[in-house]
Amino acid sequence: MLTELHCGATLRALAPARTRPDENHLRPGALSQPRYCSVTDSNSAQVSEIPTVDMSGFVSGDPDGKQMAARQLRNAMEKVGFFFLVGHGVDWSIIDEAYSQAERFFDQPLEDKMAVKVGTGGPDSTPLLAKQRGYIHYRAKVDPVTAEKSERAKNFVEAFNMAREDYGINQWPSNLPGFKDALLKYYQTMYELATDMVRLYALALDLPETYFDPFFDRAGGSMRISHYFPAQSEAELADSWGIHPHTDRSFLTLLPANKVSGLQVRPEGADWIEAPYVPGSFVVNGGDILKRWTNDRFLSTPHRVVRSMSERYAMPLFFSPDNDITIEVVPTCYSPDHPLRYAPISHQDFLSEFLQSDYTRDDERLKG
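Sequential numbering of the sequence shown, starting at 442, is according to the working numbering.
Please note that the accuracy of each hint is not assured.
Calculated lysine-lysine pairs in the DSS-like style (CA-CA distance at most 30 Å, straight line) [claimed, not checked]: (1) K507 with K554; (2) K507 with K626; (3) K621 with K700; (4) K700 with K554.
In short, the hints are calculated from the structure, not lab data.
From a predicted model like this one, the values you see are computed outputs, not experimental measurements.
Full structure from sequences and hints, please.
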(Lines of atoms letter the chains of each structure in order from A; the text may use other names.)
(Lines give C-alpha, C1' and ligand atoms only; values in the text may rest on other atoms or scores of the structure.)
Protein backbone atom coordinates (compact mmCIF):
# COMPACT_ATOMS: atom_id res chain seq x y z
CA MET A 442 0.00 0.00 0.00
CA LEU A 443 1.40 3.40 -0.93
CA THR A 444 1.20 6.05 1.78
CA GLU A 445 2.26 9.71 1.68
CA LEU A 446 4.42 9.27 -1.42
CA HIS A 447 6.25 12.16 -3.05
CA CYS A 448 8.54 12.22 -6.03
CA GLY A 449 10.58 15.23 -4.96
CA ALA A 450 8.54 17.81 -6.87
CA THR A 451 7.24 20.89 -5.10
CA LEU A 452 3.51 21.59 -5.16
CA ARG A 453 3.91 24.56 -7.47
CA ALA A 454 5.40 22.17 -10.03
CA LEU A 455 2.40 19.89 -9.89
CA ALA A 456 -0.07 21.95 -11.90
CA PRO A 457 -1.22 19.59 -14.66
CA ALA A 458 -0.85 20.29 -18.34
CA ARG A 459 -4.04 19.29 -20.13
CA THR A 460 -2.80 16.97 -22.86
CA ARG A 461 -4.45 15.15 -25.70
CA PRO A 462 -3.81 11.51 -26.56
CA ASP A 463 -0.33 10.68 -27.79
CA GLU A 464 -0.46 7.85 -30.29
CA ASN A 465 3.08 6.86 -29.33
CA HIS A 466 2.05 5.95 -25.80
CA LEU A 467 1.94 2.23 -25.18
CA ARG A 468 -1.31 0.58 -24.24
CA PRO A 469 -0.64 -1.55 -21.18
CA GLY A 470 -1.87 -5.11 -21.04
CA ALA A 471 -3.60 -4.35 -17.77
CA LEU A 472 -6.33 -2.55 -19.68
CA SER A 473 -7.56 -5.84 -21.10
CA GLN A 474 -8.56 -7.08 -17.67
CA PRO A 475 -12.34 -7.64 -17.55
CA ARG A 476 -14.69 -5.38 -15.70
CA TYR A 477 -16.40 -8.40 -14.16
CA CYS A 478 -14.13 -10.38 -11.90
CA SER A 479 -14.01 -13.77 -10.27
CA VAL A 480 -13.54 -13.47 -6.52
CA THR A 481 -12.90 -16.46 -4.31
CA ASP A 482 -13.56 -16.66 -0.59
CA SER A 483 -10.88 -15.51 1.85
CA ASN A 484 -10.13 -16.52 5.41
CA SER A 485 -8.66 -13.12 6.20
CA ALA A 486 -10.65 -10.35 7.86
CA GLN A 487 -8.16 -7.50 8.15
CA VAL A 488 -10.83 -4.92 7.32
CA SER A 489 -14.16 -5.30 9.09
CA GLU A 490 -16.07 -2.12 8.25
CA ILE A 491 -16.46 0.66 5.73
CA PRO A 492 -15.03 3.98 7.03
CA THR A 493 -16.78 7.35 7.08
CA VAL A 494 -15.59 10.62 5.54
CA ASP A 495 -17.09 13.83 6.94
CA MET A 496 -17.07 16.46 4.19
CA SER A 497 -18.58 19.29 6.27
CA GLY A 498 -15.24 21.03 6.84
CA PHE A 499 -14.54 20.99 3.11
CA VAL A 500 -18.03 22.31 2.29
CA SER A 501 -17.65 25.18 4.78
CA GLY A 502 -14.23 26.11 3.39
CA ASP A 503 -12.45 25.74 6.72
CA PRO A 504 -8.75 24.97 6.01
CA ASP A 505 -8.37 22.61 8.97
CA GLY A 506 -11.68 20.94 8.10
CA LYS A 507 -10.51 20.42 4.53
CA GLN A 508 -7.34 18.72 5.67
CA MET A 509 -9.22 16.51 8.11
CA ALA A 510 -11.61 15.39 5.36
CA ALA A 511 -8.65 14.79 3.04
CA ARG A 512 -6.93 12.59 5.64
CA GLN A 513 -10.12 10.59 6.16
CA LEU A 514 -10.56 10.10 2.43
CA ARG A 515 -6.91 9.11 1.94
CA ASN A 516 -7.14 6.51 4.69
CA ALA A 517 -10.38 5.10 3.27
CA MET A 518 -9.15 4.89 -0.31
CA GLU A 519 -5.77 3.37 0.55
CA LYS A 520 -7.21 0.70 2.85
CA VAL A 521 -10.74 -0.06 1.63
CA GLY A 522 -11.60 1.77 -1.60
CA PHE A 523 -15.08 2.55 -0.23
CA PHE A 524 -16.45 5.01 2.31
CA PHE A 525 -19.65 6.59 3.58
CA LEU A 526 -19.81 10.31 2.80
CA VAL A 527 -21.55 12.54 5.36
CA GLY A 528 -21.61 16.29 5.87
CA HIS A 529 -22.19 16.86 2.15
CA GLY A 530 -25.07 19.33 2.48
CA VAL A 531 -27.28 17.72 -0.20
CA ASP A 532 -31.04 18.27 0.11
CA TRP A 533 -32.28 14.70 0.60
CA SER A 534 -35.76 15.49 -0.70
CA ILE A 535 -34.19 15.58 -4.19
CA ILE A 536 -32.98 12.00 -3.64
CA ASP A 537 -36.35 10.82 -2.34
CA GLU A 538 -38.23 12.28 -5.31
CA ALA A 539 -35.85 10.66 -7.79
CA TYR A 540 -36.34 7.26 -6.17
CA SER A 541 -40.10 7.74 -6.25
CA GLN A 542 -39.99 8.49 -9.97
CA ALA A 543 -37.72 5.50 -10.58
CA GLU A 544 -40.29 3.20 -8.97
CA ARG A 545 -42.98 4.69 -11.21
CA PHE A 546 -40.91 3.91 -14.28
CA PHE A 547 -40.16 0.30 -13.38
CA ASP A 548 -43.76 -0.34 -12.30
CA GLN A 549 -44.86 0.16 -15.91
CA PRO A 550 -45.73 -2.73 -18.23
CA LEU A 551 -42.70 -4.08 -20.10
CA GLU A 552 -44.07 -2.76 -23.40
CA ASP A 553 -43.96 0.81 -22.10
CA LYS A 554 -40.43 0.44 -20.77
CA MET A 555 -39.20 -1.11 -24.02
CA ALA A 556 -40.42 1.98 -25.87
CA VAL A 557 -37.27 3.71 -24.61
CA LYS A 558 -34.88 0.75 -24.77
CA VAL A 559 -31.17 1.35 -25.38
CA GLY A 560 -30.03 1.70 -28.97
CA THR A 561 -33.11 3.55 -30.20
CA GLY A 562 -32.16 7.08 -29.18
CA GLY A 563 -30.31 8.32 -32.24
CA PRO A 564 -28.97 7.70 -35.74
CA ASP A 565 -26.24 5.19 -36.54
CA SER A 566 -23.68 7.97 -36.26
CA THR A 567 -24.49 8.50 -32.58
CA PRO A 568 -21.44 7.65 -30.41
CA LEU A 569 -21.60 4.30 -28.67
CA LEU A 570 -21.98 5.89 -25.24
CA ALA A 571 -25.02 7.87 -26.35
CA LYS A 572 -26.60 4.71 -27.74
CA GLN A 573 -26.51 3.15 -24.29
CA ARG A 574 -29.13 5.51 -22.89
CA GLY A 575 -32.56 4.25 -22.05
CA TYR A 576 -34.03 1.03 -20.74
CA ILE A 577 -32.11 -2.24 -20.39
CA HIS A 578 -34.35 -5.27 -20.02
CA TYR A 579 -33.30 -8.29 -18.02
CA ARG A 580 -33.12 -11.41 -20.13
CA ALA A 581 -31.27 -14.60 -19.26
CA LYS A 582 -28.45 -15.26 -21.70
CA VAL A 583 -27.21 -18.75 -22.57
CA ASP A 584 -23.57 -19.27 -23.50
CA PRO A 585 -23.56 -20.66 -27.08
CA VAL A 586 -20.56 -22.90 -26.31
CA THR A 587 -21.46 -24.40 -22.95
CA ALA A 588 -25.25 -24.03 -23.28
CA GLU A 589 -25.22 -22.71 -19.72
CA LYS A 590 -26.11 -19.35 -18.30
CA SER A 591 -23.16 -17.02 -17.97
CA GLU A 592 -22.43 -15.40 -14.63
CA ARG A 593 -23.63 -12.12 -16.10
CA ALA A 594 -26.98 -13.69 -17.01
CA LYS A 595 -27.57 -14.44 -13.34
CA ASN A 596 -27.88 -10.71 -12.62
CA PHE A 597 -31.55 -10.14 -11.80
CA VAL A 598 -31.71 -6.43 -12.55
CA GLU A 599 -33.29 -4.08 -15.07
CA ALA A 600 -32.01 -0.55 -15.57
CA PHE A 601 -32.48 2.88 -17.12
CA ASN A 602 -29.36 4.76 -18.26
CA MET A 603 -28.93 8.51 -18.68
CA ALA A 604 -26.07 11.01 -18.90
CA ARG A 605 -25.32 14.65 -19.73
CA GLU A 606 -27.85 16.06 -22.16
CA ASP A 607 -25.12 17.86 -24.12
CA TYR A 608 -23.19 14.60 -24.60
CA GLY A 609 -25.88 12.68 -26.42
CA ILE A 610 -29.57 11.90 -26.58
CA ASN A 611 -31.30 10.85 -23.38
CA GLN A 612 -34.54 8.95 -23.86
CA TRP A 613 -37.53 9.97 -21.78
CA PRO A 614 -40.87 8.18 -21.39
CA SER A 615 -43.69 10.32 -22.74
CA ASN A 616 -46.29 8.91 -20.37
CA LEU A 617 -44.66 9.78 -17.02
CA PRO A 618 -45.00 13.51 -16.27
CA GLY A 619 -42.45 14.64 -13.72
CA PHE A 620 -40.02 11.79 -14.41
CA LYS A 621 -37.63 13.77 -16.62
CA ASP A 622 -37.55 16.86 -14.38
CA ALA A 623 -36.94 14.84 -11.21
CA LEU A 624 -34.19 12.75 -12.77
CA LEU A 625 -32.41 15.75 -14.31
CA LYS A 626 -32.50 17.58 -10.98
CA TYR A 627 -31.14 14.50 -9.23
CA TYR A 628 -28.45 14.11 -11.88
CA GLN A 629 -27.36 17.75 -11.57
CA THR A 630 -27.20 17.46 -7.77
CA MET A 631 -25.05 14.33 -7.95
CA TYR A 632 -22.85 15.86 -10.67
CA GLU A 633 -22.15 18.97 -8.59
CA LEU A 634 -21.31 16.89 -5.52
CA ALA A 635 -18.94 14.70 -7.55
CA THR A 636 -17.25 17.81 -8.96
CA ASP A 637 -16.61 19.10 -5.44
CA MET A 638 -15.30 15.71 -4.39
CA VAL A 639 -12.68 15.69 -7.15
CA ARG A 640 -11.03 18.62 -5.36
CA LEU A 641 -11.12 16.72 -2.08
CA TYR A 642 -9.43 13.80 -3.81
CA ALA A 643 -6.67 16.16 -4.97
CA LEU A 644 -6.02 17.27 -1.39
CA ALA A 645 -6.01 13.65 -0.25
CA LEU A 646 -3.26 12.97 -2.79
CA ASP A 647 -1.15 15.90 -1.48
CA LEU A 648 -1.87 17.87 -4.65
CA PRO A 649 -3.15 21.43 -5.07
CA GLU A 650 -6.91 21.51 -4.61
CA THR A 651 -7.50 22.50 -8.24
CA TYR A 652 -5.06 19.96 -9.71
CA PHE A 653 -7.72 17.86 -11.43
CA ASP A 654 -9.85 20.81 -12.62
CA PRO A 655 -8.45 20.89 -16.20
CA PHE A 656 -9.29 17.21 -16.59
CA PHE A 657 -12.93 17.66 -15.57
CA ASP A 658 -13.96 20.72 -17.63
CA ARG A 659 -16.69 18.67 -19.32
CA ALA A 660 -16.65 15.61 -17.13
CA GLY A 661 -18.61 12.56 -18.08
CA GLY A 662 -21.24 11.43 -15.64
CA SER A 663 -23.21 8.33 -16.51
CA MET A 664 -26.13 7.39 -14.27
CA ARG A 665 -27.76 3.98 -14.07
CA ILE A 666 -31.12 3.64 -12.33
CA SER A 667 -31.41 0.01 -11.31
CA HIS A 668 -34.28 -2.16 -10.14
CA TYR A 669 -33.23 -5.42 -8.50
CA PHE A 670 -35.88 -8.11 -8.67
CA PRO A 671 -36.75 -9.84 -5.37
CA ALA A 672 -35.89 -13.52 -5.09
CA GLN A 673 -38.85 -15.89 -5.07
CA SER A 674 -37.18 -18.67 -3.08
CA GLU A 675 -34.14 -19.56 -1.01
CA ALA A 676 -32.80 -21.48 -4.01
CA GLU A 677 -32.84 -18.29 -6.10
CA LEU A 678 -30.96 -16.44 -3.37
CA ALA A 679 -28.17 -19.00 -3.56
CA ASP A 680 -27.93 -19.20 -7.36
CA SER A 681 -28.22 -15.61 -8.59
CA TRP A 682 -27.02 -12.06 -8.05
CA GLY A 683 -28.38 -8.59 -8.09
CA ILE A 684 -25.02 -7.76 -9.69
CA HIS A 685 -22.15 -10.22 -9.40
CA PRO A 686 -18.60 -9.21 -8.33
CA HIS A 687 -17.10 -6.40 -10.41
CA THR A 688 -15.14 -3.17 -10.27
CA ASP A 689 -16.23 0.19 -11.71
CA ARG A 690 -14.38 1.91 -14.56
CA SER A 691 -15.11 5.41 -13.26
CA PHE A 692 -12.96 7.90 -11.37
CA LEU A 693 -15.47 7.72 -8.54
CA THR A 694 -18.97 6.33 -8.04
CA LEU A 695 -21.63 8.01 -5.89
CA LEU A 696 -24.60 6.05 -4.52
CA PRO A 697 -27.23 7.32 -2.05
CA ALA A 698 -27.68 5.17 1.05
CA ASN A 699 -30.20 2.36 0.59
CA LYS A 700 -32.61 1.04 3.22
CA VAL A 701 -32.69 -2.35 1.50
CA SER A 702 -29.46 -4.23 2.13
CA GLY A 703 -27.55 -6.00 -0.60
CA LEU A 704 -24.35 -4.10 -1.41
CA GLN A 705 -21.21 -5.92 -0.29
CA VAL A 706 -17.58 -4.91 -0.81
CA ARG A 707 -14.38 -6.90 -0.58
CA PRO A 708 -11.25 -4.98 0.42
CA GLU A 709 -7.91 -6.45 -0.52
CA GLY A 710 -7.09 -9.45 1.68
CA ALA A 711 -10.41 -9.36 3.50
CA ASP A 712 -13.78 -11.06 3.51
CA TRP A 713 -16.96 -9.58 2.03
CA ILE A 714 -18.30 -6.66 4.07
CA GLU A 715 -21.98 -5.74 4.15
CA ALA A 716 -22.60 -2.03 3.52
CA PRO A 717 -25.04 -1.05 6.30
CA TYR A 718 -27.70 1.61 5.92
CA VAL A 719 -26.35 4.98 7.07
CA PRO A 720 -29.23 7.49 6.76
CA GLY A 721 -28.40 10.62 4.79
CA SER A 722 -25.08 9.31 3.53
CA PHE A 723 -23.62 8.42 0.15
CA VAL A 724 -21.63 5.28 -0.51
CA VAL A 725 -18.55 6.31 -2.51
CA ASN A 726 -16.00 4.08 -4.21
CA GLY A 727 -13.07 4.51 -6.53
CA GLY A 728 -12.94 3.01 -9.99
CA ASP A 729 -10.32 1.68 -12.36
CA ILE A 730 -9.52 5.14 -13.75
CA LEU A 731 -8.66 6.45 -10.29
CA LYS A 732 -6.63 3.34 -9.48
CA ARG A 733 -4.57 3.80 -12.62
CA TRP A 734 -4.20 7.56 -12.16
CA THR A 735 -2.81 7.00 -8.64
CA ASN A 736 -0.47 4.14 -9.55
CA ASP A 737 -2.63 1.71 -7.50
CA ARG A 738 -2.39 3.93 -4.42
CA PHE A 739 -6.17 4.45 -4.30
CA LEU A 740 -8.11 1.23 -4.68
CA SER A 741 -10.77 0.04 -7.10
CA THR A 742 -12.40 -2.57 -4.90
CA PRO A 743 -14.57 -5.49 -6.05
CA HIS A 744 -18.17 -5.25 -4.95
CA ARG A 745 -21.46 -7.02 -5.61
CA VAL A 746 -25.16 -6.87 -4.88
CA VAL A 747 -26.65 -9.96 -3.31
CA ARG A 748 -30.34 -10.66 -3.76
CA SER A 749 -32.98 -10.50 -1.08
CA MET A 750 -36.68 -11.20 -0.83
CA SER A 751 -37.38 -7.46 -1.18
CA GLU A 752 -37.26 -5.14 -4.18
CA ARG A 753 -34.25 -2.87 -4.27
CA TYR A 754 -33.56 0.32 -6.21
CA ALA A 755 -30.20 2.02 -6.76
CA MET A 756 -29.21 5.20 -8.62
CA PRO A 757 -25.41 5.46 -8.86
CA LEU A 758 -23.53 8.19 -10.71
CA PHE A 759 -20.34 7.00 -12.42
CA PHE A 760 -18.16 10.12 -12.63
CA SER A 761 -15.23 10.27 -15.06
CA PRO A 762 -12.94 12.91 -16.60
CA ASP A 763 -13.24 14.55 -20.02
CA ASN A 764 -12.99 12.19 -22.98
CA ASP A 765 -10.06 13.98 -24.63
CA ILE A 766 -7.55 13.96 -21.77
CA THR A 767 -4.59 11.70 -21.15
CA ILE A 768 -4.48 9.71 -17.92
CA GLU A 769 -0.96 9.86 -16.54
CA VAL A 770 0.06 8.85 -13.01
CA VAL A 771 0.07 11.92 -10.72
CA PRO A 772 3.47 13.05 -9.37
CA THR A 773 2.74 12.23 -5.71
CA CYS A 774 2.06 8.57 -6.48
CA TYR A 775 5.43 7.36 -7.69
CA SER A 776 9.04 7.57 -6.54
CA PRO A 777 12.30 5.60 -6.89
CA ASP A 778 10.99 3.18 -4.26
CA HIS A 779 7.56 2.98 -5.91
CA PRO A 780 8.11 3.11 -9.70
CA LEU A 781 5.50 3.78 -12.33
CA ARG A 782 3.26 0.84 -13.11
CA TYR A 783 1.28 2.40 -15.96
CA ALA A 784 2.11 4.21 -19.17
CA PRO A 785 -0.03 7.23 -20.11
CA ILE A 786 -3.22 6.40 -22.00
CA SER A 787 -5.95 8.51 -23.56
CA HIS A 788 -9.22 8.39 -21.71
CA GLN A 789 -10.96 7.82 -25.04
CA ASP A 790 -9.04 4.57 -25.53
CA PHE A 791 -9.73 3.54 -21.96
CA LEU A 792 -13.45 4.27 -22.32
CA SER A 793 -13.82 2.71 -25.77
CA GLU A 794 -12.49 -0.63 -24.64
CA PHE A 795 -14.84 -0.66 -21.67
CA LEU A 796 -17.88 0.20 -23.77
CA GLN A 797 -17.09 -2.40 -26.40
CA SER A 798 -16.52 -5.15 -23.86
CA ASP A 799 -19.30 -4.30 -21.43
CA TYR A 800 -22.20 -2.39 -22.94
CA THR A 801 -22.36 -4.34 -26.18
CA ARG A 802 -23.26 -7.37 -24.10
CA ASP A 803 -26.32 -5.45 -22.94
CA ASP A 804 -27.26 -4.90 -26.58
CA GLU A 805 -26.99 -8.62 -27.26
CA ARG A 806 -29.60 -9.33 -24.64
CA LEU A 807 -32.08 -7.25 -26.63
CA LYS A 808 -31.58 -9.16 -29.87
CA GLY A 809 -33.49 -12.17 -31.08
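Worksheet item: Which earlier hints turn out false for this structure, listed by number in ascending order?
Response: Number 1 only.
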